[in-house]
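For the protein sequence lines, the chains are A and B, in the order given.
Quick note, my numbering runs 46 ahead of the 1-based positions in the first sequence.
Quick note, my numbering runs 46 ahead of the 1-based positions in the second sequence.
Check each hint, because a few of them may be wrong.
Reference excerpt, derived from the structure (chain A facing chain B, CB under 10 Å, subset only) [what the hints assert, rightly or not]: (1) T95; (2) F188; (3) D225; (4) H228; (5) A236; (6) N237; (7) A240; (8) I243; (9) K249; (10) I260; (11) K418; (12) F420; (13) F424; (14) F438.
Quick list of in silico lysine-lysine cross-link-like pairs, DSS-like style, CA-CA up to 30 Å [claimed, not checked]: (15) K200/B - K282/A; (16) K227/B - K200/A; (17) K282/A - K99/B; (18) K77/A - K249/B; (19) K108/A - K121/A; (20) K443/A - K91/A; (21) K443/A - K200/B; (22) K227/A - K218/B; (23) K99/B - K111/B; (24) K443/B - K432/A; (25) K282/B - K227/A; (26) K410/B - K443/B; (27) K425/B - K168/B; (28) K77/B - K249/A; (29) K168/B - K227/A; (30) K443/A - K227/B; (31) K249/B - K443/A; (32) K249/B - K249/A; (33) K227/A - K111/B; (34) K282/B - K218/A; (35) K432/B - K227/B; (36) K200/A - K432/A; (37) K200/A - K425/B; (38) K77/B - K227/A; (39) K200/A - K121/B; (40) K443/B - K443/A.
No wet-lab data here; the hints were simulated from the structure.
Ideal Cβ positions, reconstructed from N, Cα and C, are used throughout, including at glycine.
Number of protein chains: 2
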Amino acid sequence: MSSEVDDDISNDSDVIIKGSDSNSDNFKESKITPWEVQGEINYDKLIETFGTKPITPDILQKVQKLVGDVHPLLKLNYFFSHRDFDWILNKYERNENFYLYTGRGPSGMVHMGHILPWLFTKYLQDKFNSKLLFQLTDDEKFLYNQDRTFQEIKSFTYENILDIIAIGFDAKRTKIIVDTKHIQYLYPLANEIAKRITFSTSKSVFGFTHSTNIGMIGFPPIQSAPCFLPSLIEGKPTPVLIPAAIDQDPYWRMTRDVADRMGYYKPAQIHSKFLPALDTSGKMSSSKPQNALFTTDDPETIDRKVSAAFTGGQPTVALQRELGGNALECPVYWYLRYFFDSEVQSEERLIKCEGGNLLCGECKSDLATESKSFMIKFKQRREKAKDMIQEFMYDGKPL
Amino acid sequence: MSSEVDDDISNDSDVIIKGSDSNSDNFKESKITPWEVQGEINYDKLIETFGTKPITPDILQKVQKLVGDVHPLLKLNYFFSHRDFDWILNKYERNENFYLYTGRGPSGMVHMGHILPWLFTKYLQDKFNSKLLFQLTDDEKFLYNQDRTFQEIKSFTYENILDIIAIGFDAKRTKIIVDTKHIQYLYPLANEIAKRITFSTSKSVFGFTHSTNIGMIGFPPIQSAPCFLPSLIEGKPTPVLIPAAIDQDPYWRMTRDVADRMGYYKPAQIHSKFLPALDTSGKMSSSKPQNALFTTDDPETIDRKVSAAFTGGQPTVALQRELGGNALECPVYWYLRYFFDSEVQSEERLIKCEGGNLLCGECKSDLATESKSFMIKFKQRREKAKDMIQEFMYDGKPL
Chain A
47 MSSEVDDDIS
57 NDSDVIIKGS
67 DSNSDNFKES
77 KITPWEVQGE
87 INYDKLIETF
97 GTKPITPDIL
107 QKVQKLVGDV
117 HPLLKLNYFF
127 SHRDFDWILN
137 KYERNENFYL
147 YTGRGPSGMV
157 HMGHILPWLF
167 TKYLQDKFNS
177 KLLFQLTDDE
187 KFLYNQDRTF
197 QEIKSFTYEN
207 ILDIIAIGFD
217 AKRTKIIVDT
227 KHIQYLYPLA
237 NEIAKRITFS
247 TSKSVFGFTH
257 STNIGMIGFP
267 PIQSAPCFLP
277 SLIEGKPTPV
287 LIPAAIDQDP
297 YWRMTRDVAD
307 RMGYYKPAQI
317 HSKFLPALDT
327 SGKMSSSKPQ
337 NALFTTDDPE
347 TIDRKVSAAF
357 TGGQPTVALQ
367 RELGGNALEC
377 PVYWYLRYFF
387 DSEVQSEERL
397 IKCEGGNLLC
407 GECKSDLATE
417 SKSFMIKFKQ
427 RREKAKDMIQ
437 EFMYDGKPL
Chain B
47 MSSEVDDDIS
57 NDSDVIIKGS
67 DSNSDNFKES
77 KITPWEVQGE
87 INYDKLIETF
97 GTKPITPDIL
107 QKVQKLVGDV
117 HPLLKLNYFF
127 SHRDFDWILN
137 KYERNENFYL
147 YTGRGPSGMV
157 HMGHILPWLF
167 TKYLQDKFNS
177 KLLFQLTDDE
187 KFLYNQDRTF
197 QEIKSFTYEN
207 ILDIIAIGFD
217 AKRTKIIVDT
227 KHIQYLYPLA
237 NEIAKRITFS
247 TSKSVFGFTH
257 STNIGMIGFP
267 PIQSAPCFLP
277 SLIEGKPTPV
287 LIPAAIDQDP
297 YWRMTRDVAD
307 RMGYYKPAQI
317 HSKFLPALDT
327 SGKMSSSKPQ
337 NALFTTDDPE
347 TIDRKVSAAF
357 TGGQPTVALQ
367 RELGGNALEC
377 PVYWYLRYFF
387 DSEVQSEERL
397 IKCEGGNLLC
407 GECKSDLATE
417 SKSFMIKFKQ
427 RREKAKDMIQ
437 EFMYDGKPL
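Here chain A stands alone, though its shape is the one from the complex (with noise of 0.2 Å):
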């Protein structure tokens, strides 16, 4: 059985595509793949590149019936795009329930930008009461940097672990995946997949060159085979929906056009946007930390950063009150209608805004306030994850 959307592996590996900014002619080159994000991206532009479906008011309205709340990152469109994301929606309004799938390449400590998507996940799993895999992709991280060594690798893993279990996942529903630790799970599957696809798809797909090493070549069959141990686990074909940034999505081209092939349902996705860095110079970063917010930072690396960020504001405050700030391209003004504000608070934010009746200076205190409390508790939940480790890992067992 297969979803609706039929979709095959299209000559796009290493997408460039010129994004349009909207405040001026200029065209700016941007990049995406799973390892590597760079310029200004154009969203739209990618759902056409990417072949994938915007998120329509029909598609919140359908979540809105079935589970009566739609998350604020759906209706700000930082959950943009999907791939048979509706399919899954009347699945469940069948009775089929879907397990989520969603991961993290350990290669640093995680931030803001980091947690968005896990936060959304949350509430999926919360809504729908669905089963999470949540799996850590240490090999391909130990993999991909030339420099890195297993053991450092090993170290961000141990800490990523933490800042998942911190998310508050249902523990009963939710289970950890450690690519070099429950390799004897995923590597059956693995097999499967891999044996479909040759280098030529996986050149075109993910851009491998002949200089890529044969670990990276013959890695992504691990990421696409939690999309169907789900199936396995529940004995029965099982639906699966990933909730991730889009730069992941060459991995789930690949798993779909393979599914049919094993028999498997093809995996769904619902795809995010990246959390702009604090200076919107592109995407927020771990290799930039001083653009970026980690769950780790403390109150004086906050207040630090946060008053370092750019804004939507005018050079002066006399202009600023005269002119009012661009607050829809203010990091600051998202950040706290991400993270903080109510979606109330936001739009009375927007409009003070815009109409000068706020200065940047206010935005930033409310942001540092809100992210250091945030952090605090965070923090707190990092702590008392350390005694769920095992709780958390997965063990072969149906969850």
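Given the structure of chain A, go ahead and fit chain B onto it with the hints provided.
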């Protein structure tokens, strides 16, 4: 630390060499990869092409000196080539023992051509008191054979394990690794290896192409991993000797190339020739069952196959009496020599045959009798092996 021989990975994928047929001026092409052996093989040429060394009288003397017994397969030059076997012997002489490592790709039932190197491996284990890792590459055989299901490979794996145990390896010093079953022990090492090998290198060593599936491309480090596992098991750099047919050499060339960079000894090898098929059309092969004697063949089947075998005899009894037979080109003679005849018996047989005092029927009768007797005992050992599987399975603990 490194062994003496420095070899780099040369451009010798899909080695196709001109083999000289000793009785004619015709040159016939042969092809040798880990997955395919075709045509007549010129073993001297292989040593040159692969960059290995011949087994010399010096080495035989050293073996004699160290363990007081030189195996017939060494004397007969069936094990004809090596890398660093001399280094292994020197290590042993200085009280540093080595691990043996060999393997089997479970793509079919086991025949005499398979067990010959295993019998030699048992000799090495017995004489040198060595520990042995025996790998079954069920993943490779599943990935390579497009039409085989994993269930089929799994069933061959089980049958092959019975054969391996039936050889009589020391249960206390031998562990069997089944890739899909023990992948958690191999995977971290395999990633360390894979990270150091590009597609380009792997393409030239194994002849992979753009239409090779990514499972096959990612596989070789899994076969390399047991070369370094003994160092992890023992907690110190540990020499490893691989007795195996020469077609597996590409794996070891690749492994040797990364060993230094990973801080391990380069694995040493001792290479065997291939057992000829009963019709001498090439090496004994599971894909031509009528020309191979399987360990599970019943007496009638053995009689039938041996009776139909090609020999070095003359077309008529009268001519045989007059001209004598060509024992050295007779597969029946070599089967008897490799498996059943003592050195003295074999010399007598040679003289009688070449002198016209032995008819092919007599040799065939001897071979059938010996083979049936061997198989009856071997099958009994295979039956007993069914209760010994767990004892032989690798468990990550020191041997």
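Tested hints:
no. : hint            : result
1   : T95             : violated (23 Å)
2   : F188            : holds (6 Å)
3   : D225            : holds (8 Å)
4   : H228            : holds (8 Å)
5   : A236            : holds (8 Å)
6   : N237            : holds (5 Å)
7   : A240            : holds (3 Å)
8   : I243            : holds (5 Å)
9   : K249            : holds (7 Å)
10  : I260            : holds (5 Å)
11  : K418            : violated (39 Å)
12  : F420            : violated (36 Å)
13  : F424            : violated (31 Å)
14  : F438            : violated (19 Å)
15  : K200/B - K282/A : holds (22 Å)
16  : K227/B - K200/A : holds (23 Å)
17  : K282/A - K99/B  : violated (55 Å)
18  : K77/A - K249/B  : holds (28 Å)
19  : K108/A - K121/A : holds (13 Å)
20  : K443/A - K91/A  : violated (42 Å)
21  : K443/A - K200/B : holds (22 Å)
22  : K227/A - K218/B : holds (28 Å)
23  : K99/B - K111/B  : holds (21 Å)
24  : K443/B - K432/A : holds (28 Å)
25  : K282/B - K227/A : holds (23 Å)
26  : K410/B - K443/B : violated (47 Å)
27  : K425/B - K168/B : holds (18 Å)
28  : K77/B - K249/A  : holds (28 Å)
29  : K168/B - K227/A : violated (34 Å)
30  : K443/A - K227/B : holds (17 Å)
31  : K249/B - K443/A : violated (39 Å)
32  : K249/B - K249/A : holds (14 Å)
33  : K227/A - K111/B : violated (46 Å)
34  : K282/B - K218/A : violated (42 Å)
35  : K432/B - K227/B : holds (17 Å)
36  : K200/A - K432/A : holds (15 Å)
37  : K200/A - K425/B : violated (47 Å)
38  : K77/B - K227/A  : violated (40 Å)
39  : K200/A - K121/B : violated (50 Å)
40  : K443/B - K443/A : holds (25 Å)
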